[in-house]
Amino acid sequence: MTTDLGTDYTSDEMMTVAAARRLRDGQSCFVGIGLPSTAANLARRTNAPDLVLIYESGTIGAKPDLPPLSIGDGVLAETADAVVSVPEIFNYWLQPGRIDVGFLGAAQIDRFGNINTTVIGPYDDPKVRLPGAGGAPEIAASCREVTVIVRQSRRAFVERVDFVTSVGFGSGPGDRERLGLRGSGPRTVITDLGILEPDPVGCELVLTHLHPGVTLDQARAATGWELAAAPDLRETEPPTPDELAALRRLTGR
Amino acid sequence: MTTDLGTDYTSDEMMTVAAARRLRDGQSCFVGIGLPSTAANLARRTNAPDLVLIYESGTIGAKPDLPPLSIGDGVLAETADAVVSVPEIFNYWLQPGRIDVGFLGAAQIDRFGNINTTVIGPYDDPKVRLPGAGGAPEIAASCREVTVIVRQSRRAFVERVDFVTSVGFGSGPGDRERLGLRGSGPRTVITDLGILEPDPVGCELVLTHLHPGVTLDQARAATGWELAAAPDLRETEPPTPDELAALRRLTGR
Amino acid sequence: MATVVPLAEAVAELVHDGESVAMEGFTHLIPYAAGHEIIRQGRRDLTLIRMTPDLLYDQMIGMGCARKLVFSWGGNPGVGSLHRFRDAVQNRWPAPLEIEEHSHAGIANAYVAGASGLPFAVLRGYRGTDLPAHTATIKPITCPFTGEELTAVPAINPDVAVVHAQRADRRGNVQLWGITGVQKEAVLAARRSLVTVEELVDELEPRPGAIVLPGWAITHVSEAPGGSHPSYSAGYSTRDNDFYLAWDEIGRDRETFVAWMKEHVL
Amino acid sequence: MATVVPLAEAVAELVHDGESVAMEGFTHLIPYAAGHEIIRQGRRDLTLIRMTPDLLYDQMIGMGCARKLVFSWGGNPGVGSLHRFRDAVQNRWPAPLEIEEHSHAGIANAYVAGASGLPFAVLRGYRGTDLPAHTATIKPITCPFTGEELTAVPAINPDVAVVHAQRADRRGNVQLWGITGVQKEAVLAARRSLVTVEELVDELEPRPGAIVLPGWAITHVSEAPGGSHPSYSAGYSTRDNDFYLAWDEIGRDRETFVAWMKEHVL
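Protein chains in written order, with the numbering used here: chain A, 902 to 1154; chain B, 902 to 1154; chain C, 81 to 346; chain D, 81 to 346.
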């Protein structure tokens, strides 16, 4: 391990490390596939060894050696504390709000943290037909809090999503309560440029952290709304050599 | 085995044998505890070796050596094809109407085959507080047909039950359909004196069989309503030596 | 994460006067040791919830722990009546007992709703019976697609659920097998939970038919070997059917009952 | 009691043009062999139901079997898009594809209702999303006890359910383990059912984590070793992740796709 490891990392690596750090030891985490799964698995190897990973395939407490390609790879069942049916994972485990953190990706996200993974363009004549909802609407509704991991660009960060697949803060304050959604919504959006968090009053996502080397102008240029910065905008701690080494063992880079 | 075995049997044995004969091989049978369980287990040893016994404890295809004392004895789970949760046995197996026969007991039964296992006397100030419903209301509603096993007496066979725990034909024709009950109701009531079946037009229980040695007057004296006899009232075949031997192996008599 | 504590401590911490307590175990794995500890600690005014009250609630009712019983079948399975339960309902001894009466399907689904974070469950049940006239927690509901009328029951969310299981590891992950009844639902529906186990082990070896309740969904685990007697724990004990038969006599008479409880439980 | 018949015969008997077919298996145990047989038999106008269409329905849609798709997540897990599905929705190739779109929780509960003989299921779901505006089978429902508004979905009761499992005995009792998804519900919700298995055995040896579907609840069982590839059957095979990655290229282009299907399936 060389000393310049600390600066030799990609923006995706920074994003994954920043996401992993948000998980606290002993929490339960409902994990979406892709970037969220990599970040959750990294957390289990760094700051949160007793993180409980829950996949919608019904595996509770999975301990995969490597992040699985799908949410139902064999290693998840083999290493889980319990494997339950798909109806049970949604009804008994997700729906009552007993899971601490939902980790989601997004194709589009808007200023109120609403997520689109359904269509770009009109629903009945889509420009791009995306995979759809999966477990996301109910993960976004029911987990105590939600962390979204998504690369930042004007295509993805839009004023208003083309289709609300999963509700963030709807059209603003009070909407989650009005809709009867039990979780507190997207508390953190982690991108390859920085970290956004909802303004406690207006629920709008504002920039609270920039990753090292990224400027506020760059973040604004990659956002489809007038991105506000928090008064105490900070720089993310770069990945430590240990974090980076653990991540690269996971991703095989 | 001696030749006079055929006549040396009790009225309870006649009742149990008559009940067992009603089960056909390969049927599925939701079994209540007590007399129904003994009869169903006898059927598995005589005319219906592939009878599927289902107990409300969640055991499907149990093959006990001896009739269990409770509906949850260990032997039921150990010998079952599948053991499922109690919610599952009621929701996935009983409720959709996929079980052929429900085998029930009763404290009171009335002329329309309604069953009381809840209270004798007023509900709020009962003369006798009975165990209550258990699985019976939904067994009576959902099995394709129901067989009731109950000793015949004026105390048990009443004009109108004190409390409808499980619906037979309600107050007469059309009631089951109106209530949305899917099964065809109590097709057979087997007692220690004979067999009653519902009149196809009026749904009233009428006597179709007398057990050997029992008279119509005796049956009427043990019935709290004007008991009608079927035009072709027949005598039940007495227990065969094989049936009796199998039953006594079961009951340890 | 569940913490492993002695039974007396767990009961003292989790079960309080006036609360609702669900003790489940369908014939199998009935948590007698925990129930006896609740009796010894003199809890009062409990709302006892259980599909099949069994001898356990007969004892708790007879010792005056209960104000209300929510149940679906109150008998001694295969034997006959629960005499203490009957005495409370018919003669208000030792105290009046309010009852909320259901069918098995109704209570099972009410637990499912409770475990699922829903306010109610829907079933084909109760229709045409006299139960809805006496139980306020049974209401009609109409299918928004077909217009068909079905039945709704409200969720059961007890203050405490108590169940017995075969094993737990030291992190409080619980393993049970055989007839598992409605125990998972009761634990997941409850605000707090206590699982007594036959044995604490270092590692939960996978077993056919076993389910695992993760420790993070449980409050406390207590070791209580033999804690399901006269019920049983598959793999550890068999049902003491003789005791169930004998209870018919013990429970029938108030004095015999109290003397037995003094000698064997208090 | 299920009868054990060859796969081609089972498909010919059970799957008819214009019917609704649910093929389930959540990542694990996806019934590819049966799906390919349906393609070979040239079924048309099917309503295909499946939580995660996966490559299987991408193939069936691309080969023109489907008139309608009921689903909740139409992607190549961990890889990206299903290009044949996208081409059908965006460009109506090879035929227009009607879609009925849900969330996982919604479809899972619709199967539960179907298996339970109920006309609908209740969940905390969809609220605030744009799905109800586009999917007629999502409606509000009010709790009769609390007045709270929740969501209802109608039961799914397919004409046929097709699943893959590890083993069956000669009486058609089926055993599966690992991730068992929504397969039990799909089979119990369906009017007819087909289970393909890796292996027929004389006796189903109990196994940790295994569930058993009794033969009397199944229509047909067919032996299809390797029948879940490129998905997997725990204990028999591992997921062919390379194939899932390779499919992204194969499925992207119409001609490449048709050529591949001709060579490997037809």
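Hints may contain errors.
Restricting the straight-line Cα-Cα distance to at most 25 Å, the calculated cross-link-like pairs of lysine to any residue (SDA-like) are [unchecked claim]:
#1 Lys1028(B) with Ala213(C)
#2 Lys964(B) with Glu89(D)
#3 Lys219(C) with Gly998(B)
#4 Lys148(C) with Gly122(C)
By construction, these hints were calculated from the structure, which means they are not laboratory data.
Consistency of the hints with the structure:
no.: 1; hint: Lys1028(B) with Ala213(C); result: holds (19 Å)
no.: 2; hint: Lys964(B) with Glu89(D); result: violated (33 Å)
no.: 3; hint: Lys219(C) with Gly998(B); result: holds (22 Å)
no.: 4; hint: Lys148(C) with Gly122(C); result: holds (16 Å)
Taken one by one, the earlier hints fail for this structure only at number 2.
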